[in-house]
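Enquirer: Sequence:
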Amino acid sequence: MQSSKRVVVVGHGMVGHRFVEALRSRDEADTWHVVVLAEEADAAYDRVGLTGYTEHWDRTRLALPGNAYAGDDHVEVILRDPVTRIDRSAKFVTTALGRRVPYDALVLATGSYAFVPPIPGHDLPQCHVYRTLDDLDAIRAGALAAATSKTPVGVVIGGGLLGLEAANALRAFGLSTQVLEMSPHLMAAQLDGAGGALLNRMIRGLGIEVHTGVSTESIRPVQRNKPLRKSQEDDAVRVTLNDGSAIDAGVVVFAAGVRPRDELARHAGLDIAQRGGVLTDRSCVTSDPDVYAIGEVAAIDGRCYGLVGPGYISAEVVADRLLGGAAEFGEADMSTKLKLLGVDVASFGDAQGRTPGSLDVVVNDPVKQTYAKLVLSDDAKTLLGGILVGDASAYGVLRPMVASELPGDPLSLIAPAAEGDSPGLGIGALPDIAQICSCNNVTKGDLKEAIGAGCADVAGLKKCTLAGTSCGSCVPLLKQLLDAEGVEQSTALCEHFSQSRAELFEIISATEIRKFSGLIEKFGTGRGCDVCKPVVASILASTSSDHILGAETAALQDSNDHFLANIQRNGSYSVVPRVAGGDITPEHLILIGQIAKDFGLYTKITGGQRIDMFGATVDQLPEIWRRLVDGGMESGHAYGKSLRTVKSCVGSDWCRYGQQDSVQMAIDLEMRYRGLRAPHKIKMGVSGCARECAEARGKDVGVIATETGWNLYVGGNGGMTPRHAQLLAGDLDDETLVRYVDRFLMFYVRTADRLQRTAPWLEALDGGMDHLRDVVCHDSLGLAAEFEAAIERHVAGYACEWKGVLEDPDKLSRFVSFVNAPGAPDPTVEFTERNGRKVPTPIGMPRVPATGERSVR
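Numbering-wise, the sequence shown is residues 1 to 857 according to the UniProt record's numbering.
Hints listed in this document are in silico derivations from the structure and should not be mistaken for laboratory results. Virtual Cβ for every residue (Gly too), placed ideally from N, Cα, C. Relax, there's no trap hidden among the hints.
With a straight-line Cα cutoff of 30 Å, these simulated DSSO-like cross-link-like pairs (lysine-lysine) come out:
{"hint": "1", "residue 1": "K811", "residue 2": "K604"}
{"hint": "2", "residue 1": "K463", "residue 2": "K448"}
{"hint": "3", "residue 1": "K604", "residue 2": "K681"}
{"hint": "4", "residue 1": "K803", "residue 2": "K597"}
{"hint": "5", "residue 1": "K533", "residue 2": "K811"}
{"hint": "6", "residue 1": "K5", "residue 2": "K91"}
{"hint": "7", "residue 1": "K803", "residue 2": "K515"}
{"hint": "8", "residue 1": "K381", "residue 2": "K368"}
{"hint": "9", "residue 1": "K803", "residue 2": "K681"}
{"hint": "10", "residue 1": "K381", "residue 2": "K479"}
{"hint": "11", "residue 1": "K337", "residue 2": "K448"}
{"hint": "12", "residue 1": "K463", "residue 2": "K681"}
{"hint": "13", "residue 1": "K681", "residue 2": "K515"}
{"hint": "14", "residue 1": "K811", "residue 2": "K522"}
{"hint": "15", "residue 1": "K337", "residue 2": "K368"}
{"hint": "16", "residue 1": "K463", "residue 2": "K479"}
Using C-beta positions, here's what the derived DEER-type ranges look like:
{"hint": "17", "residue 1": "S509", "residue 2": "G607", "range": "30 to 40 Å"}
{"hint": "18", "residue 1": "G257", "residue 2": "T355", "range": "16 to 26 Å"}
{"hint": "19", "residue 1": "D530", "residue 2": "V487", "range": "24 to 34 Å"}
{"hint": "20", "residue 1": "R527", "residue 2": "E707", "range": "52 to 62 Å"}
{"hint": "21", "residue 1": "D409", "residue 2": "D81", "range": "52 to 62 Å"}
{"hint": "22", "residue 1": "D290", "residue 2": "R59", "range": "27 to 37 Å"}
{"hint": "23", "residue 1": "D290", "residue 2": "D365", "range": "48 to 58 Å"}
{"hint": "24", "residue 1": "R26", "residue 2": "D235", "range": "48 to 58 Å"}
{"hint": "25", "residue 1": "G632", "residue 2": "T60", "range": "33 to 43 Å"}
Using the sequences provided together with the hints, build the complete structure.
Expert: What follows is the structure, encoded as structure tokens:
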């Protein structure tokens, strides 16, 4: 059906994307055709999570789901072609590339730009802003150059949220970082003096110098008294402050706030608010009834809102209005909760206590480095707002209570609980009108309605209501609400075991049961299934050094472990010998090449820095592995739910930037944890410096060298839902690093669910990273020695699984294509030749060979 009207959206940021999604989800009659015109090269991405880009440098990870509107013929997205002019009388827009696009309705979603004060020198090449992906690419290039110069210093002008994020990024590049803030304390817009003073101390404690109450006078190129040699040259600038001091820096980042991008509206003659922004009423319509403004560019009743939550509300309002509704912009939630450089900070409601007659209740603990303040009405009954620094765990319950009468003593809500005391208020104390998810305007009542309709877990609530799908700060409350509503979330492994995987691990560890039959007879029912058998096999392997193909356990394994090889799409198998840390000798390279040549195998160097050989049939596996084992190589466990690889850069041996021996550390870690069975595969990386050539923060365990030791990151994964790892501990020596990795891995192995990787395990862990840090670094559970002993037993008992097969005739007998014809090759395994090399032909999927291909046997 052809849409009868056209709406043009100028800008494709988070709010513009939300508008398109909202309109298309409600426009059942396909009344509107949407044309999106965007300036950036990237479709809508998560600008709130922009700092994460500095850890993985993968733009695709920040892409908002559905930002390409695949399969929707009523949405057209045009990137890299910004609108340059609006003709309101003729109702069309003109773009930089000369497009002339008519509209029936126009939605301005141009957002804001980074404000750069008119300081002399602000336009020097060393100066940057922190706003877009392209900005961060430019900062990265400048920081990497500065890190190897005579002036490895970064200066951030502005101590707000973006300023501290920029400081974190510069520090990650190895720069000595300094923050300049005009106000008396950091995050002045969100925090009061006491909370800001604590934040100042905590940020300084992390090695970032903070200058408050200062402004920048000028930025000038450094004038050297004596010329440097060519190899010493740098492009330092001198940042002079109003107190007469100066800082020499290689990079300067402006994070002094943002301004609405209202230039299009100004030139088109639309009304502009007194302090900037396109003036709208509460329906988000401008002075032209056919033009709307949403997000940061909209001055709704004269006020611009710089947070994504109010922006999303404005997008929903306009979508409703275009479809004949009467929605209006209500009270905006300006709450903020974030973790800056590992420090929890939260601000909500009237945090500064500007309401006449308001009262403050404060708990300030400088020893534990926590600060909490509640702002109450003059009768001390109604919560107006609050601030939390150092510990923001109460934010989830407190924020929805703003403007509500408190159910008890306000001091009890923020005072530290004594040991053994039960926690304070939970989600059950909140009224149904309390807004649980401010980003998507989801109330407790909305969530209860979804639970009543059958949503029985967090994933279901997120899908049904959109709660927790933006910033994610409300996700813990979703689980609390499910519990409060009496929704039982089964932890049973399957129909044969009522216990969870973690409970079965404890049972097997505490008993002498070493067989599946004995376990299911005593603690389960029936004969087992494809779910519980591999899980029990994995637990048995994690708690002993028995061969996984021994006696009864061989029948429990899945298809890959059954043949100690990954089955490929055409029924053939891959052979992957271990190449610890990517370090390989010429002799082993020649051995792999000769075997691949003799057996006609396809070879590929993988992202894990080893060489895979593809195309082996079951009957060929023993002979291939015999030659590899005789040549001094061993199984790489590419088939197992276990440690796969430890990727490394070339480290301090070869790289001029290397700070530690990353290659040897990668080898040591891989040889220590090789063969360790786990709920899911584990990948590690070791980088020799902050340039991150081993991509360690995309791994389950990531290790990055510093000048004094190692930073340890955990919980990073690739795959369908990529996660970057979080910092667990910093500047560790070799011994401490290994101890912490021991504890982390065993805690994960013992407590994770079936097929749960470290990232979702950490997300689901009660207390999250703080609890994990307590367990691993501070031994809060008293299990550190037990965890380390378990790893030592694993190391002592390790043996190459393929070597064990080759030495056992019974195990060797299973490696045949057909039991009744053990020497016959498998006729169902087919290959196609492409450019002189074999690739698989999928079974049951006939295909037309491409150029250079022919079928082979």
